[in-house]
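Based on the hints, put chain B in the right spot on chain A.
For the record, the sequence lines run as chains A and B.
The opening residue of the first sequence carries number 7 in this note's numbering; numbering runs sequentially from there.
The opening residue of the second sequence carries number 73 in this note's numbering; numbering runs sequentially from there.
Where hints are given, some of them may not hold.
[As the list claims (entries may be wrong)] Covered by chain B, according to a simulated footprint, are these stretches of chain A (three or more residues, beta-carbon under 8 Å):
| id | segment |
| --- | --- |
| 1 | 61-73 |
| 2 | 80-89 |
| 3 | 244-255 |
These are calculated hints, taken from the structure and not from any lab test.
C-beta: ideal position from N, C-alpha, C; glycine also.
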Amino acid sequence: MSNNIYLPHIAVIKDIKEETGDIKTFTLAFKDREWKRSFSFRPGQFMMVSVFQAGEVPISISSSPTQPGNLQLSIKKAGSLTGKIHEHKVGDEIGLRGPYGRSFPVERLIGKNLLFVAGGIGLAPLRSLINYALDKRTEFGRVTILHGARTPSDIPFRHELSLWPKERDVKVLVTVDRPDSKWRGSVGPVTTLWNKADLSGQDTLAIICGPPVMISFVVMDLLKMGFSEDDIISTLERHMKCGVGKCGHCSIGHQLTCVDGPVFTYREMKELPTDL
Amino acid sequence: MRSSSGKGDLMADKLILYKEHLNSFLRKITKGFELIAPVRNTYGDTLFEVISSVDDAHIDLTDRPILSPKRFFMPQVETLFAYRCDKSGYTFKDASDSTPRVIFGLRSCDTRGILFYDLIFQEGLKDKYYLDRRKNTILINLGCNQPGENCFCKSAQSGPFLTYGYDIQLTDLGDRFFVETGRPRGRELLAGWSYFFRPATQTDIDAQYEVVLESESKFRHRLDFDAAIEKLINQEVDPAVWEEMGNRCQNCGGCAYVCPTCYCFNIFDSPCSEKEGERVRTWDACTFAGFSRLAGGYNPRQDKAQRIKRRFYHKLFYDKQKYSIPSCVGCGRCADICFGRIDMLSFIRLICEQKERALAPAHRRLGELLLEAGIISRKDLDLAIEKQAATGKPLGTQLVEMGMVDKEAIARALGYQLKIPDTAKNIED
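Same shape as in the complex, but just chain A (with noise of 0.2 Å):
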């Protein structure tokens, strides 16, 4: 593979799981053994994932570099080009491009407490970090997840969202907006669940995920926790297509979310014009 920033490397998908409805993680494996050998990314970070014939699509990476040889990528049907994705089967070979983008700044939360807030899909992102942070539990504070998704049968990850409370000093918390008959847990948006989980904003970092909208009504909540700006981190979507800051499409202010982004803290954010 020459040094050619547009061409992607060859994957076989080794394992599709549905997590929900419209949610699968693909579990990948680069067929050139130099470039698997080579691969590494950190939490936070994007790949490109080529569909030939239909084209790109940018896709947060949801497993964590402590686990490497089973790259995990769990995408949601939103679209022509996801929609193909989701109809692909094990054995079929997809391209990557990447690892791009700005990741968490896993160095500062060493030693913090964690809170994890995710709205739907925007807990595949978090789980990189959250798998991370559990592998190297001793360098971590408590952690806390809370999850909101729209119905029962939404929620991606059920099994780690099981597994994960039995970790040392590991909090879930899972919210739907509408029930169904078996549904014990809580009801409503996830900024419901705050009294529920024990927070305070001292030495705690949150990282955020979700719609825009659920976004801002998180940090308003944060803030007035006593969270400060630089504590509060999110990770940004826009449209992509090339993904290494070139092609000026996934632009927010002066920044570009596939270089400068998409993580990002609240301050960072708040100078940043959404609309322009």
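Frame of chain A, contents of chain B only:
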């Protein structure tokens, strides 16, 4: 053949090429390079074209080509690679283009446009398609002795002559060209055919200097980029202005098409058969509705007004923030082409010279209005414009001072232009 002025090898060579030798020199270039030069077509438009025969081509060095030469660095449609799926999986065939080229007769605005492209495609991760073309293309800049009607490169610090960035720069001195080499490969190109050139004398150097000064004085438009950027930073532009501009935008993408520094592109797959296809990139425009639309429908720049606003913030403020100079090179092509008169020239003039006034339906220049009304002759208007370029006074004041028109006529014409009732009483002396 070196004509160093004694400050060492780093000083540019200064040479003379007599015009009668130009075609011979160009013919020599075609032996080793693909030659691109401005050519006038049968419609009277001048465009950069590949020259197959120097003698048969209508090379035009008078008018600024109507399109920038960016397609020779990033083609409008470019295959990145071909892919093919067979039993053993996917294989790729990289595209590349390392044809040696010379672009002759670039204007300073276009050379600066290429320098801006360098910042985009050579910084960070390197775009090899651009790099292959760029490193194999020699740039021969031709400074402008006569700025065009909509040109404002001087205000944009991109001309009419450059002091850096070119491989070779020519100045038209009438019967001969003053030739300066800028970068080593410019020097190498000339060294191969040194018999076409003689060293420049002090007379030539003085003549070149005169031409530059004269050209700088002939601009119709002087824009204060810094003032415009200040207004954007401080958000002092009335939202009504953005709304009106959004309304006027025809979504044609023309501005991005002609602009030397617009570089946004789309990437998509183009199937050739069931198992084969090409990944292609094409020029794109941020003014198009779908530019930032995500799958699922959310679009952070849903309104046309938002997209137009962003275009100006990008070119003026963000690029200045990132690269310490705004990316508009003042070529005036958007002013030539925009149907809605929301080009860079109109925009900066609007926000700097006028206060909170709505754009008139037909934003015509004062001079044209007076001409049409028969109040002033073409000859008088030209004289006034020439004088105005030197004094920097508004045209109306200049005309009144030269006795060509009285204040009342100016006020009525301005009032018509700005949809304001009789302003004769308000006009300043």
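Here is what the structure says about each hint:
no.	hint	in the structure
1	61-73	holds (count 3)
2	80-89	holds (count 5)
3	244-255	holds (count 10)
Violation of the numbered hints given earlier is absent; every hint is satisfied by the structure.
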